[in-house]
Structure formats: structure tokens, C-alpha cells
Amino acid sequence: MADLTRSSQEAPALSVRGLSFSFPGQPHLFKELSFDIKQGEFVSILAASGIGKTTLFRMLAGLLIPQAGTITIGTQENSAAEASKQGKIGYMPQKDCLMPWRTVLDNAALGLELSGTSKREARRRVLELLPGLGLEGTERKYPHELSGGMRQRVSFLRSLLGGGELFLLDEPFSALDAMTRVSMQEWLLQVWEQHRKTILFITHDVDEALLLSDRVLVAAESPITTLSELNVTLPRPRSYEAALDPAFIGLKRQLLEHLGRTVSGRAGVTV
Amino acid sequence: MSGKIKSNVPVLLFVVLLAAIWEAGTSLFDVPHYIIPKLSDVFVSMWDNRQLLGKHAVTTLWEALLGLGISTVAGTLAAVWIDRSSLAKKTIYPLIVGSQTIPIIVLSPIMVMWFGYEIWSKIAVVILFTFFSIAVNTADGFRSADPDIGALMKTMGAGKRDLLLKWKIPSALPGFFTGLKMAAAFSVGGATLGEWLGGESGLGVYTKRASNMLRADAVFSGVLLLSAMGILLFLAALWLEKAVLSYRRS
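Taken in order, these protein sequences are the chains called A and B. Going by our numbering, the first residue of the first sequence is number 1, and it counts up by one from there. Going by our numbering, the first residue of the second sequence is number 1, and it counts up by one from there.
This is chain B alone, in the form it adopts within the complex:
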């Protein structure tokens, strides 16, 4: 553990250095506060509005987690389907891979049209942002399962259930977690976009309102919180991956 902390020291020091440059630079070059506010002002604004920010943050986090959860279940099921059915492998899989080239952002207004201004349109956008990475990476994980291991298991009398539980699923887990980590990072962006397209609460709404009022300190505090949320969700997925795939560490 101490080695792990040690390896993270350079990047942490660099972040502190950047923060110092931000704080000193804005004072030194007299940057207008509505372009880049002083970092200390951002923290002051964050503290002053802590209750409001807390309420908005909970909304956004809830949307992100709910969307991520639905995507995880649906994406995994889609991957299982693609793995089991050769027809789905030939039709659905290429479509899902191809669909990743569509700028998903442009589909978001459709979600608002279909699901309205309530929480479901935000969750739909989050799903749009996260479903594909989980489905594609998990499907790739299933494909990467070593067929020789499967053949060997068959000579030992393995049935379909054994093959799925003891060979396919463990083989697919690394791919699944790659997808989950990406999805965790995307989910906050999806929730924020959903809120921008129309909503009553959430950090996306907060930053948009603050931006309309040219309150740069408030915009930046929202942006910092959203970034922190994305990082935390990613780290949670990373932690889960390390806990489940503990064999990789040793």
C-alpha cells in the first residue's frame, strides 16, 4: 500500500502545482474574474452554496448511478445474447460496434422528446452514453474465452452450465470491467447533458444557470464537483475490478 501511495506522489504534487499556478496566475496577470476566477474564490463559492450544491450533486449522482446500473444489466445481457446466438453475433454486434461512431450527443434531444423533462430523460441519456461500452467490451470478453479450455472441459464431461459459469464468465470479466470503468467515467457527462437539455435540478442545471449569470466562480465550483464525481465513480469501478480480479495482482 505504501508503494502505491508513493507512486501517486508525483501526480498529486503536480495537481498542487497547477492549483498554485491558477491561484497565483489569476492574481498576477489580473485575469477578469468572469473569465477565470481565483481558485480560492471558487472554493469560497463552493462553501457558501454548500447546501444547494449538495442537493444538486445528489440529483446528478443518482441519475448517473441509476443509468449506469441499468446499462450494466442491459449491456451484460446483450453481450450474453451476442455470445450465445450466432445470428446476433452477425447482426447485433456489428451494429453496436458501428453505433459507437455516431456522436451520441446528437441523439440526446430525442431522449428528452420521448421521456420528458423528468428524471427518466436524464437516465435515458446516461444509458445512451454507457450501454455500448459495457455491451461491446463484455461481448469481446466472451469472444476472448480460450476455445482450447472449453474443449478440454468438454473432455472432462462439462455441461453447458459448467462451460458458462467456469469458463465463459470468468473469461469475460476483464472485458466487462474495462467497459464498466469507461461507462462510470461517461455516466456523469451523460447526466449533465441530460440536465442541460431541460431540468429542474442537478449540477448541470446549476452550472448552466450560473453561466447565464456570468458567475464564473459558481460555474467552476460545479465543474470541479462534476469532475470529482466522474473520478470517484471511475475509482469505484477500478476498486471493484481489483477486488474481483484479485488473481491479477499477485
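Looking at chain A on its own, in the form it has when it is part of the complex:
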């Protein structure tokens, strides 16, 4: 909670107003959707598969243009497409999207390279961060030599170096096995404590959303018109043990009840 009040005075890191979108000839995925993400906040969007989460991220990352509404990133009144061109967003897609022909070092340096940093300087900055991310000694390896969890770490490092203040993480751990996922969640929490960037995290895993976030936004109905909100009042820093806390169980019950209610048709109830 402390983090939320701390940043409540500043301009939001991300502000979405009246967003509408549909693919040609298909029903609306989003209708007049509005929400804000504060500076330094870790927010999860919890939603069932196929509801349009990835589409939302592609709009925020400037890869798709919404039919109506504005997306403001940072203090400037930028459209999402402009912000992404300026490298203000670190987008981490569901797949790790590592280039098989590049080493860990050069994969992680991609974003810096594209923003005009010299290759030497880019490599130096990657090498500096590798140990802190548990990637020490992997710099000369190719992606196919790494495990799924390690690949996601490299992918995250690439977003971290390529983007500015706002990070969009699209179900980054959904393809990992349960054990690796838990260790990656704890890893992300540690890294976030170090860097304190604003993170918007998509997931369909209730436990994951609660463990990581300051706030959980729930999208249940289609088209998405509102996101109902749950403040996660668990203390930080957190580890996976937080999931055993009675307060965690209580929050999980609230979330599940809400999801159950919206699924059974009584949509729009705020948690």
C-alpha cells in the first residue's frame, strides 16, 4: 500500500482513455476502456484466454492502432506508436523471441543497438547486468543452449535495456513448468525491487497476479469496458512464502469469488 500512496501524486506512467478496438468484421474486444497505471507500480491484468489481452498489449506497444481513444505514456501526450518508436516501452512478449543466430550477449543488447548505442557500449552494459539476473557466464551461449527459464531471463534483460520506464510483460512465464515458474516469479520480484520500473503484467494465473502485483485488474466480460480492481495489501519484499499467508488466501478468495460471479453472468461487481 505504501508504494501506491507514495506515487499517487505523480503523473501516471500510463493512461488509457476511451479505448475501443475490434478486428475487421468482428465484435468489439474493447469498448470505451479507461485505466491508469502509476509510476513505479506493478499491476497485473488478470483475464481468461482469448479475451484480447495480447491485443491490448500490442496497442500499448504501438503495434496496433486503436479505433478510438488515447494512450498516454509518461508525462508527454504521446500516442503509443510514437512512444514505442522512442523506445519508451519495454515489451516482453509471451514467446521469448530470442534470435537463434545471436549469442545471449548480442540478444540482450538488441534494444540498445537499435536505439543507436555503440556495440561496444551495449555489450558492456549487458555484461554489467548479467550476474544480477542470474545469467553470469552465459554471454557466449546461443539461445538453444539455454533452458526455458534462462531464455526468459535473457528476454527480460533485453526489454529492460531496450525500454524506458514502462514494461509490458505478456504472460512471460506461462510456457514454463511449475517449478521454474515459481523461481522465475521470485526472480522477477527481486529484479523489480532493484530497478523499480513500472510493470504491467498480463496473466491468467490468480496466484501469480497476487504474488507479484500492487494491484490486480480483472477483465472478465467481452467486450472489455471496465477493469475491476483489487489492491494487493501484502507487505514487500515478497517471496513465494507470501502465498501461504492467510491474507493472501483471503485476497485469492475475493478474486475467485469475483471471477466466479462475472462468469456466472452478474458482471460489473467491483471487488
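Just so you know, the hints here were simulated from the structure itself, not pulled from any lab data. Among these hints, one or two may not hold up.
Below are the SDA-like pairs computed for lysine to any residue, each with C-alpha atoms no more than 20 Å apart in a straight line [stated by the list, open to error]:
hint	chain 1	residue 1	chain 2	residue 2
1	A	Lys141	B	Lys160
2	B	Lys168	A	Trp101
3	A	Lys197	A	Asp177
4	B	Lys160	A	Gly116
5	B	Lys55	B	Leu165
6	A	Lys95	B	Lys168
7	B	Lys160	A	Ser115
8	B	Lys242	A	Arg102
9	A	Lys95	B	Gly150
10	A	Lys141	B	Arg249
11	A	Lys119	B	Gly157
Knowing the structure of chain A, use the given hints to seat chain B on it.
Showing chain B alone in chain A's frame:
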């Protein structure tokens, strides 16, 4: 490297065994020399005519390499065009894929008609044999480029040039080399066919003349050299592929 040699031992031993069967079989069953000459006679003929064979081999190799080089450039450019233009993707690409079902050999006399009996008709036939595999495989390589990587690069501010150099081309290289290896193997066949249709020199001319004279030992020595040339060109392309795509080995 020693592991690589070890893995090739069985096939090398098998080739030696086949050579031994050839040599022993022709003597044992008294096969007429104009049907299958003794392997040793083929080597003797090769040695006796080494200067002549060398001259003809250089001609054929030159034709194959020149045709292959032109096909590599033109095929790659065609693939880039197909990748960049959606119109070309819909019109040229299916045509090129479809054209692979035409027996290319039947088009070869047209090349002679257009380009005469000089070296250019042979090169044209080589191009006919090699262009399509390079164009189609490279175009497929471009198509295989992961669109998610491209999208990610765009969020990092990549321009058109970045996308081409850092995403499209590296993605297309494996396909390109598949095409190049096939083309390298086809190129010698194309050059030989071009020479058969009319020419003054080259191993195709040599084998045809020897065949007309029923000199089986000379025909076989030409055939062995042509085979070796095809294998060597293929191996050169393979080596180049391994050198460029070194990330696949580790």
C-alpha cells in the same frame, strides 16, 4: 574433427568395397570392356589423358561456377523482390514454384537457339538448372522470419533497414544455403547438358565423343570426374554454410 572423420569411416569403407567389387567382378565374369571397363583401366585412361581431361574439366567447372554465381545473385534478388512486394508474392512466387514441375531439360535446346554454341548457352542452361532452387528456398527463408521478432524490434524503434539486416536476412540464410547446396549439385549437370547440345570443349563433349567411339574407359573417367566435381561443389557450399551459420553447431 576426429569424431567427424570417424562418422564418415563406414561410407568410405563402403565406397572402397564397391570399387573392389567393380574391379574383381569385371575380371571374374569377363564383362566386355565396352560395357563396363575395369576400374583400373578407367584410372589408366584418366592418367594417360590427364592433360586433355584437365583442359575439359576447367571448361566445365568454369561454366558451372559462372552459372551458379549468376543464379545466386539473381535468385537472391528475386527472393528479396518476392518478399518485399505483395504483388510479386501473389504472382511471381507461385509461378516460380510451379515452374519447378517443368522438366527443365526440355527447355535447354531453346537456350542453344538463343545463345548459340559458345559458352553463354551452357551458362544459360546452368542458370536454368540452378536459379529456381535458390530463389524458392531463399523466398521461403524470408517467409519463415518470425513476425513476433519483427514486432518486438518495432517496439524498440527499429527502422526498415534494421528489420532487413538484423531480422529478415539472418532468418533467410538457412533457406538460402539449402538452395545453394542443391544448386551447386545441379550446376555440373547443367553445364554437361549444355555441352552435349553442342560445344567444342568440356567434359560433356569429352564423354560424348568417347561414347561415340565406344571408348568405355574414357567415358567412365569423364563420368567419374563430373561426379567428383558435383560432390566438390556441394561440399564447398556445405562448408560455406557451416562457416556462416556457425551458431547451429554449438
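Hint numbers not upheld by this structure, sorted from lowest to highest: 1, 3 and 5
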